[in-house]
Each structure stands twice: as structure tokens, then as C-alpha cells.
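Trainee: Sequence:
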Amino acid sequence: MSKNPKFQSPTGMRDILPEDQKYFKKIYDTVFEIADFYGFGKIDTPILEETELFSRGIGLTTDVVSKEMYTLKTKGGDNLSLRPEWTAPIARSYIENGMYALPQPIKLWYFGPCYRHERPQADRYRQFWQFGFEVLGEKNPVIDAQIIQIFYNILKELKLKNLIVEINSIGDSNCRPYYKKLLSNYYKSRENSLCADCKRRAKDNILRLLDCKEEKCQPIKTEAPEIIDHLCEECHSHFKEVLEFLDEIELPYNLNPHLVRGLDYYTKTVFEIFFESESEKKEEVVRNALVGGGRYDKLVKLLGGRDTPASGAAAGVERIIKLMKAQGVSLGKEAETQIFLAQLGSLAKRKSLRLLEDFRKSKIKLEESFGKDSLKSQLNRADKVGAKYTLILGQKEALDGVVIIRDMSSGNQEIVKIDQAVAKVKNKLKK
Numbered sequence: 001m002s003k004n005p006k007f008q009s010p011t012g013m014r015d016i017l018p019e020d021q022k023y024f025k026k027i028y029d030t031v032f033e034i035a036d037f038y039g040f041g042k043i044d045t046p047i048l049e050e051t052e053l054f055s056r057g058i059g060l061t062t063d064v065v066s067k068e069m070y071t072l073k074t075k076g077g078d079n080l081s082l083r084p085e086w087t088a089p090i091a092r093s094y095i096e097n098g099m100y101a102l103p104q105p106i107k108l109w110y111f112g113p114c115y116r117h118e119r120p121q122a123d124r125y126r127q128f129w130q131f132g133f134e135v136l137g138e139k140n141p142v143i144d145a146q147i148i149q150i151f152y153n154i155l156k157e158l159k160l161k162n163l164i165v166e167i168n169s170i171g172d173s174n175c176r177p178y179y180k181k182l183l184s185n186y187y188k189s190r191e192n193s194l195c196a197d198c199k200r201r202a203k204d205n206i207l208r209l210l211d212c213k214e215e216k217c218q219p220i221k222t223e224a225p226e227i228i229d230h231l232c233e234e235c236h237s238h239f240k241e242v243l244e245f246l247d248e249i250e251l252p253y254n255l256n257p258h259l260v261r262g263l264d265y266y267t268k269t270v271f272e273i274f275f276e277s278e279s280e281k282k283e284e285v286v287r288n289a290l291v292g293g294g295r296y297d298k299l300v301k302l303l304g305g306r307d308t309p310a311s312g313a314a315a316g317v318e319r320i321i322k323l324m325k326a327q328g329v330s331l332g333k334e335a336e337t338q339i340f341l342a343q344l345g346s347l348a349k350r351k352s353l354r355l356l357e358d359f360r361k362s363k364i365k366l367e368e369s370f371g372k373d374s375l376k377s378q379l380n381r382a383d384k385v386g387a388k389y390t391l392i393l394g395q396k397e398a399l400d401g402v403v404i405i406r407d408m409s410s411g412n413q414e415i416v417k418i419d420q421a422v423a424k425v426k427n428k429l430k431k
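In terms of full-length UniProt numbering, the sequence shown is residues 1 to 431.
Fair warning: there could be bad hints in the mix.
[To be verified] 30 Å max Cα-Cα, derived BS3-like pairs, lysine-lysine:
hint, residue 1, residue 2
1, 22, 156
2, 417, 372
3, 333, 426
4, 22, 361
5, 25, 430
[As the list claims (entries may be wrong)] What follows is a set of in silico ranges between Cβ atoms, one per label pair, in the way DEER data are often shown:
hint, residue 1, residue 2, range
6, 237, 365, 51 to 59 Å
7, 232, 302, 17 to 25 Å
8, 353, 162, 44 to 52 Å
Bear in mind the hints are in silico, worked out from the structure with no lab data behind them.
Quick caveat: nothing in here was measured; it's all calculated off a predicted structure.
Positions of the beta carbon are idealized from the N, C-alpha and C atoms, including for glycine.
Work out the full structure: start from the sequences and follow the hints.
Mentor: Written out as C-alpha cells, the structure reads:
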């Protein structure tokens, strides 16, 4: 194989090979089971949506819309973008498909790829996979708590350790404007000490300054006024109830007054679930966000629908897989290959195809090497996969309508009619 192949996957995108597909399946199956238990229905939306859906829903000044979207213009003149996240498309689908007329709330879950044009890093891709849960049409704080509980349960079901839940309230249109003004005044007098990103964000979205990770901005951020001290009565009451629900189910969490999330549609509750570990320098702690979400009560109306409260979150599949590997999470034993089918000659190959199908219908896993003609190499393969029995079908056996069943541990062989092979093997496996 060439060291420099002519064609390669696009920068920041990758092939998902069979060894990783096992992790994808494990996560999908776990999410499916929990979604089914909690009464969520699966939804898939197109990977392309109108660009305005995201610019209006997520916010023009967010990094996602201003810098990271893959946008194109079709031959018909439509402005479309590859899906950078799922919540806005789901809100669009809720409106378009008249879900508001159904009994509320509407509970949906998803699993699929998103696209963002950002600098590729370890476990951060331009095509990346997310799963998520959304509840539309319910304002009760218990929904926020249940969303957090669902994601925490999924990560625990996947046997992940050292999980940290962080939670905050960012208020709503009643109390947030006053807080943003307060925050703006605080940062204005410290503008010269800010990093370049924060100076830009101070003009576009002052809340994003609380999300800055630059070391020089940390002392300033620590002393900034906290929104939790300036919530209106409704937001304060809502957040208090969310925390009481989490306390009731004994789900551990930390209050983080600087947690704001990066998308404009959030209101009230926001949360993230992190994995925390020590770095090679023992005094440093490495944190990776696995899940993020919160409440978005204004999004559906913003996109042209009715006033609809909603709450949800999403998790990054690649990051979870990386953590599963790092923590040595077992995927469970794969179904053992107990039967191997060896064949010799063209007539035997034709008979083997039908025999293989008979075993499939009987749900007995069977391996074969149809491309091989050497019995020795096929028996070696049977040994490698740990087969208990090998079915041998040569030219003579194919003509006689029989097959040899070889016990791989004792070497004993038995000849049976081809149409009795499945039943005979079943009996042997039972014993």
C-alpha cells in the first residue's frame, strides 16, 4: 500500500473502522434502552438545513454560526448549512410537523453526525457524532432534573468513572439584561487585561467571557458578579426546585456560577457533565466535557412557532469512546464462533452457500473462508477463531449430499446428511 495515498479523508474527518464500531454500538444500545424506558421517541433530521435556522436559533454572534458552519448555496439558490447541532432542527421539526397539537410534552432522542469547521484536535473532529434528548412542551423544573439524570445514568451504565455534574442558571429575558449590563460594566474597567477573544466577545456576547479558558482572564472572571445573585423570582424558584429534585435522587452536582454554555437559545438551567482526571503533572487537573445542555424556553417561538418551554442536552460520542478506552471499559463478550464451515471445490462452494443460510436462519453463528481451497489453511482458521466443530464439505460430500462434522478438540468426525446438519449441530451444542 502506498505511503502517501492519492485520496485521504477530509481534514478533521475520519473513517469509523470496525474496532470503533463496537463502541458506537455499545453506546447506541445503551442510549436506546434508556430512551425506551423513559418514553422518548427517536427522531432523525436532515443533515442539511436552511442556514437561517441556525443563525436565528443559535445566534449570529456565536462561534458556531460566525466561524464554524459548513454553508453552501445550491443551484436553485437555497442557502443551506450542514447540521452543527440538533436542537434547532428538532425545534423546526416540532413546528413543521404540528407536534404542538399532540399531547404534551413531546419527548425525542437522536443519534447521528454533526459538522463544524474548527481546528481539529485530539477527540475533536469536524464531523463528530452526538446523541441527545429533548423535551418540548413542559416548563416544570423536574424535566431539567430528569434530563441531567438520564445523561448521568447513561454514562454510569457505560461504566465511566470520575464524573462531575456542574449546573447554573443564566436567567431569562426578565433578569438577564440587567445582569449583562452589570457584567459589561465590570469588564469595561478591566478591558486592557483581557485576552483578544474576550475583547471581541465583550462587544458581541458579554456572557461568553465567563466561558473563557485563557489563564490571564481567570482572576478577572473569578471576581465577576454572579448571575445567581441577580435572578428574578421566577428563575430563582425554578432553579431552586431543579436542585431539590437532584438532591432527592442523590445525584451529585457542583454549582458553577461561570457556566453559561455557548449558544444563545439557553434560558434558566444550564449544565455540563465532565470527566476529571489528574494530568502527568500531579498538581494539574484535566477536565473534558462529555455532555452539555439546559433549558431553551424561547427557541420554538423564535423560529416561528408557539410559545413552547423546552429542555434538552447532547453528548459527544467520540469523547465518550476515548474515555471508555482510557478507563478500560469492557464491551462484554462477543458471541463465540462455535461452528466453522470448510469447503473444497466449486460444487462444495455452491452447496455451502445454502448451508450457510440454513445456519443463519437458525441463529447459529458460523464462520467460513470461501476464498480458500486448502483444507489445512481452513482448519487452521477454525482453530484461530476457537470453533468447537468444523463442517467439511468436499467434492465427494457435495455429490453424496452429506457433510462431515469434525470435533476440533478430539478430532472425531461424523458424516450426516446436509439437510440434517443444522439439527445435529444444535444437539451437539446443547450437550
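Trainee: For every hint, state whether the structure bears it out.
Mentor: These are the hints, each one checked on the structure:
no.: 1; hint: 22 / 156; result: holds, 18 Å
no.: 2; hint: 417 / 372; result: holds, 24 Å
no.: 3; hint: 333 / 426; result: holds, 21 Å
no.: 4; hint: 22 / 361; result: holds, 23 Å
no.: 5; hint: 25 / 430; result: holds, 29 Å
no.: 6; hint: 237 / 365: 51 to 59 Å; result: holds, 57 Å
no.: 7; hint: 232 / 302: 17 to 25 Å; result: holds, 20 Å
no.: 8; hint: 353 / 162: 44 to 52 Å; result: holds, 50 Å
In the structure shown, no violation is registered for any of the earlier numbered hints.
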